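Chemist: Spelled out from the first residue to the last, the chains are:
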Amino acid sequence: MTTTQPQTEASTTPQPPRRRAPLTWRQRLGRWDVKLSPYLYIAPFWIVFAVVGLFPIVYTAFISFQDWDLVRNTGTMTGFDNFAFVLQDREFWLSLRNTFSIFVLSSVPQIIIATFIAAMLDKNIRAKTFWRMGVLLPYVVAPVAVALIFSNMFGDKYGLINGVLGDLGIAPIAWHVDVIPSHFAIATMVNFRWTGYNALILLAAMQAIPRDLYEAAAIDGAGTLRRFFSVTLPQIRPTMIFVIITSTIGGLQIFDEPRMYDTNGQGGSNHQWETITLYLYNMGWVDFDFGRAAAVAWILFIIIVAFGLLNFAVTRRFIAGDAAVKATKVKKVKK
Amino acid sequence: MSLSRRKTTFGFAAGAATLAIALAGCGSSSEPTSSNTATAGGGSGDEPVTLTLATFNQFGYSADSEGGADYAYDLIAEYEELHPNVTIVYNVADTSNTARENFFTKLGPGGLADVEAIEVDWLPEAMQYSDMLADLTNADLDGNWLDWKVQAATDADGRLIAYGTDIGPEAICYNVDAFEEAGLPTDPTEVAAAIDGDWSKFFDLGAQYTEATGKGFYEENAAVLQGMIGQLEAPYEDPATDEIVALDNPEVKAVYDELTAASEAGLSAGLQQWGDDWAAGMANGDYAVTLCPAWFLGVIEGNAPEGNWDIANAFPNGGGNWGGSYLTVPASGANVEAATEFAAWLTAPEQQAKAFENVGAFPSSPDAAASDAVQSYTREFFNDAPAGEIYAERAAAVTVSPYKGSHYFQVNDAMVNALRRVDEGTMNAADSWAQFEADVQAIG
Chain A
520 MTTTQPQTEA STTPQPPRRR APLTWRQRLG RWDVKLSPYL YIAPFWIVFA VVGLFPIVYT
580 AFISFQDWDL VRNTGTMTGF DNFAFVLQDR EFWLSLRNTF SIFVLSSVPQ IIIATFIAAM
640 LDKNIRAKTF WRMGVLLPYV VAPVAVALIF SNMFGDKYGL INGVLGDLGI APIAWHVDVI
700 PSHFAIATMV NFRWTGYNAL ILLAAMQAIP RDLYEAAAID GAGTLRRFFS VTLPQIRPTM
760 IFVIITSTIG GLQIFDEPRM YDTNGQGGSN HQWETITLYL YNMGWVDFDF GRAAAVAWIL
820 FIIIVAFGLL NFAVTRRFIA GDAAVKATKV KKVKK
Chain B
466 MSLSRRKTTF GFAAGAATLA IALAGCGSSS EPTSSNTATA GGGSGDEPVT LTLATFNQFG
526 YSADSEGGAD YAYDLIAEYE ELHPNVTIVY NVADTSNTAR ENFFTKLGPG GLADVEAIEV
586 DWLPEAMQYS DMLADLTNAD LDGNWLDWKV QAATDADGRL IAYGTDIGPE AICYNVDAFE
646 EAGLPTDPTE VAAAIDGDWS KFFDLGAQYT EATGKGFYEE NAAVLQGMIG QLEAPYEDPA
706 TDEIVALDNP EVKAVYDELT AASEAGLSAG LQQWGDDWAA GMANGDYAVT LCPAWFLGVI
766 EGNAPEGNWD IANAFPNGGG NWGGSYLTVP ASGANVEAAT EFAAWLTAPE QQAKAFENVG
826 AFPSSPDAAA SDAVQSYTRE FFNDAPAGEI YAERAAAVTV SPYKGSHYFQ VNDAMVNALR
886 RVDEGTMNAA DSWAQFEADV QAIG
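First to last, the protein sequences are chains A and B. Those letters in the first sequence? Residues 520 to 854, per the numbering used here, in order. Those letters in the second sequence? Residues 466 to 909, per the numbering used here, in order.
Chain B on its own, in the form it takes in the complex (with noise of 0.2 Å):
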């Protein structure tokens, strides 16, 4: 958009002055938005319609497309084959924040695609504007997803503006071999029934661990943070208001007080999440355990090839769920029925559990995830341990759906910027709170 690179202007004639005002003039209403829905033809008609997807990543619809390895299904041409007289157009973009750039730069003017993907970490943004995306409430779909998943794509009006696809159902994935070097537990129900209460459960067996090989127990404080944060109902902001409660929301000091405090034991690697050094780390055996959502196995897989990893079936305090995505449909859009329509297939129970065996994204339908395709479904990588029962039932642990405002991301990287420093050893944990406070106060 506009804020490109600027050149040193010179004395200027007014013709160019004139010029720039007619542009503005046709920038700020140039897309055609609401001529075209009169004319949206339904999707059960018979007359042709064009219908554009978009997506990111690999949602697992179509190989051809998402440039994935081979699926067992092709969504995008079996429902081209149960309605005839629908063509799909299918973009996936390469990554979730390239489709959050487009998503919010074409929402207001138009162009965007008649089905849109978005992920959970936008969908609070996404929220703000749900008047421009359609309504998709259908009683006829009650129950084909979890309810926390909907509750957060549901808008103060009660407008379900986004069908779930996938959800990250967290456990603990751990260093099998690390374990063992420090005299814990491997065995994963053992390992299960150490980590299973709450959070202080989780650092003390972390105490023992650090104790016994000096090493950091996981990889940072920020990665365990979005655990705990996960499963506050409003951690920083307060739902009737929108306004941000994170510096008097005593649990929010409590989260970072028992974070800190673990990292001053030595629990933390310091290692930032994704970073070069938190890749090396996790094959070089810097830490032993991490949050683990149900997409998280291939990271693990690609990052410590060697390694010998395990997954717990347990999460701290109860469920928590990292990631994961939604389907909208523009209000703008040509088809918003027949949109709605394609959305609603392919966030259906059956469609979901063929996702999952095509990349493994793990359903947000309950039904899906007690099908056999999912239940049955075991992971060599992690000693064969039986991922698909795991995670349905890591899945169902999970209760609360945090409140996310306008302000989430903004407060919630302050905070991650301030256990960054603690564990950086760049200030001690009081003079970072204190700067998380003026941080959080300069928001807004």
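Only chain A is shown next, with the shape it has when bound in the complex (with noise of 0.2 Å):
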């Protein structure tokens, strides 16, 4: 990297090859720049990433192994003191199925549902930006105020929808006391405000795909559904995985909906629906223990990367293997 031709910076004046003349200050700062200026553009984002991103997440590191006390801004170490004492709680254990199932609970119906939506869209339809526009307004409406409505909408006992239920016959469900339902009501609202952003992402994806694509199928016979399965998911995958990734992220972190749930904010008696991040939060501001929240902020953090990873090799795998991209790619050559 430091090596330079000295045949290229002397080019004017002709010298011996083994003396290199010494460089003007005009040359040194053109060489400068054209070695150091990229590392400079890109500068601004590493340097807020540096203060907004990686600080926080080493400094949680360090507070993790200690007795933090908030206010004094001190704390004494206790090694791995915090981390088994997070993993021995059953409130733990408790908020980790929460999450999951919660995250399950949203994210397959979430993108089977968008996937429909946006092959919907993709067709020709009339109005085409109003629809568009349409799944995208509950993106808009901000979180808190979709949990306020819908915790209003499953209350247990003046609910809109135990009232509905009443009506047909139905009894009520319980929504703030049983663990599944308070699971699917949380759902509901993730699900509300996610689906038409990820559906106008996989439209956007869909757009992108050549439509001889679909006419070469078509001529060879496939249906509509057939063209669904063997042209359009193959063709979608990188951003399907981008898609999955991203709700896994989001789904594991869930927080809003079940701090608004109801008006305690901790995710119910027996933490029916006290997801982990909400778990940290209790543990942090509620509990004032910086040091167990850290480490919780830490055990999230690697669950997520795993859980990501995880994702990312069975996606991979299971939304049409790589034989049938290959396949459809082959076709196009051969026409």
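Fair warning: there could be bad hints in the mix.
Unchecked claim - Computed footprint of chain B on chain A, listed as stretches where at least three residues anywhere in the stretch have a Cβ under 8 Å from a Cβ of chain B:
1. 589 to 596
2. 672 to 679
3. 776 to 789
4. 801 to 811
Quick caveat, the hints were computed from the structure, so don't treat them as lab data. This one's a predicted model, so the numbers in the text were calculated from it and none came from an experiment. Glycine residues also receive a C-beta, built at the ideal position from the N, C-alpha and C atoms.
Build the complex from these two chains, which are given one at a time in their own frames, with help from the hints.
Modeler: Right, dumping it as structure tokens:
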């Protein structure tokens, strides 16, 4: 990296090859410009990232090994005690269970529905922009507002949904008592907010699919469904992976919805819907135990990275394996 | 602070790490806290001083900053008039929770207002850092507050770290129509007589009500718990050592047993306080009584505007307090002396009476409670009940200020959850107590 070619530097006046003339200030500046300026241009991002991203991560790790006093900004080293406590805490495992349960109940239907909506929007419909903007509307509503409205609908006694169920002669559901109904209600809020957003991303990917692929498939006798599964899905695979990874990260960090689900905001009397981020928040801001909260943050970080990688591997394999993609490519080449 | 969302990191150069370390250096000691105190101007001096005051909700000091309706008095303007050299900057946080997070985040590094309001709910947490708050002890002010109000804000070294503002003496509010339907007395004095006594009398009245109507008597066990626990000297922790003794304290178990028994008899409507169902239930007559501090009157008016409620001048087992606030002066502030003077003035009897007229914050000063403005106060919604008189009496009945140590709220939360599990039917009383034991053992 440090070696340069003297010939180019001193091209105007021929010099003996071994001795290099000392560079002038101007020349030196020119060299630095070429070499350093790219780093300079990307520096703002890295500086900002270091301050608001990396520093908190490192600092959180530092705090997680201490019995930390937020106010005095001091702590005593306790080694892995915080991690040991968290891993032995019943509340932690319950919140992990809740997080995954809510994640599955939200992400899976969300992506299936989003793909379906995107496929519909990809068709020739009237007032395209209107429909496309329409699916994004829930995303514009603040999550706290969504949570307020839905918590009201999912009220145990005077909620809208139990009211309708009552009219139909069905026993009311204890949304704030039973585990699965509470997860379902929270997942509904998450889906309401994110389905349209994911649909638009998938739609963008679908629109980038060359139309001649569909024509070719149609000529070969493929019906609508077959075209969807054999052309659309394989073609949007990279975007699909992106959507799945981002909704995994988001899904494992669900906070606003369970926090706003009841007035107490602590996840229920028996931790029915306490998610891991809520557990973290309670540990920090309710119990004022920032050492343990930092340990939870790191455990969550590791879980998300591990789960993201696993997800990536699985998704790559299962969403129309490589063979299908290759087959379409070969077809295209043959034409 | 630092617990925000994190992003996936990739391989990273040492340069960024160096930067992080440099930042850690400035994060820990950025505020020049001690250097300013030396120059603190005397409150009575003539040099111009700017004081900052931070409260939350509505303390009744100034309509402009608190976004309230018309106040009869503007205490901030009044103080500035009395002290021409003082300018006051008044900030109001929207909720007590916002104020709490702000208070504890900035208490260490600095950056708090000269006078900071704290709520009684997080006073125990603030007491752990009493050395970072100015000592406000002043013999001239003896008698400005009720004894238990002062006692709760005095630390182990005898330093008074906060001046009391308002309190929440409790009476019992009841739904007149519901009582009538159940064939119970409806006149406030008769109801008061039926309640006056110990808790078993209260539960007996509830049993009569529930038998007659089939409905819950009160909203939920956790709401009544608040009143019962508030009458114990040291419910959850040992005042001498701050150790958690909740599980060995027979009084706590007795409260739990009494409440869960009442719940099994159907006295609890099982509606979580402050929830949507609870608010709707108040209007729909799902329960007939509620423990009712002075500030709660507005809550009932808001939730059950069509209702017919009244106040019984009684509280089981004597008196009880729920809520209230204090003013503190952070020791790291630039104008500690002037700020102390200002806080003392705001919490003096005359000003407390004015704040009561402004927003109904019931004074913690016995003199203010005895003033005409308070005594003559009636509440139209509650059939013109003499609210001022009632609450002054209820305040005088409070004798106990329970010891709240550093784990008070964690233990209390566990207890609230234990009672709610029984109310909801997720667990029976014995299992839920076992879970409470496990939860408490995990604290610490």
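Chemist: For the region 801 to 811 of chain A, do at least 3 residues have a Cβ located nearer than 8 Å to some Cβ of chain B?
Modeler: As far as the region 801 to 811 of chain A goes, the hint holds, because 6 residues have Cβ atoms under 8 Å from chain B.
Chemist: At least three residues with a C-beta closer than 8 Å to a C-beta of chain B: is that true for the region 589 to 596 of chain A?
Modeler: holds (count 4)
Chemist: Check whether three or more residues of the region 776 to 789 of chain A sit with their beta carbon closer than 8 Å to a beta carbon of chain B.
Modeler: holds (count 6)
Chemist: Please verify the coverage claim for the region 672 to 679 of chain A: does it have three or more residues whose C-beta sits within 8 Å of some C-beta in chain B?
Modeler: With 5 residues closer than 8 Å to chain B, the region 672 to 679 of chain A meets the three-residue bar; holds.
Violated hints for the displayed structure: none, as all numbered hints are satisfied.
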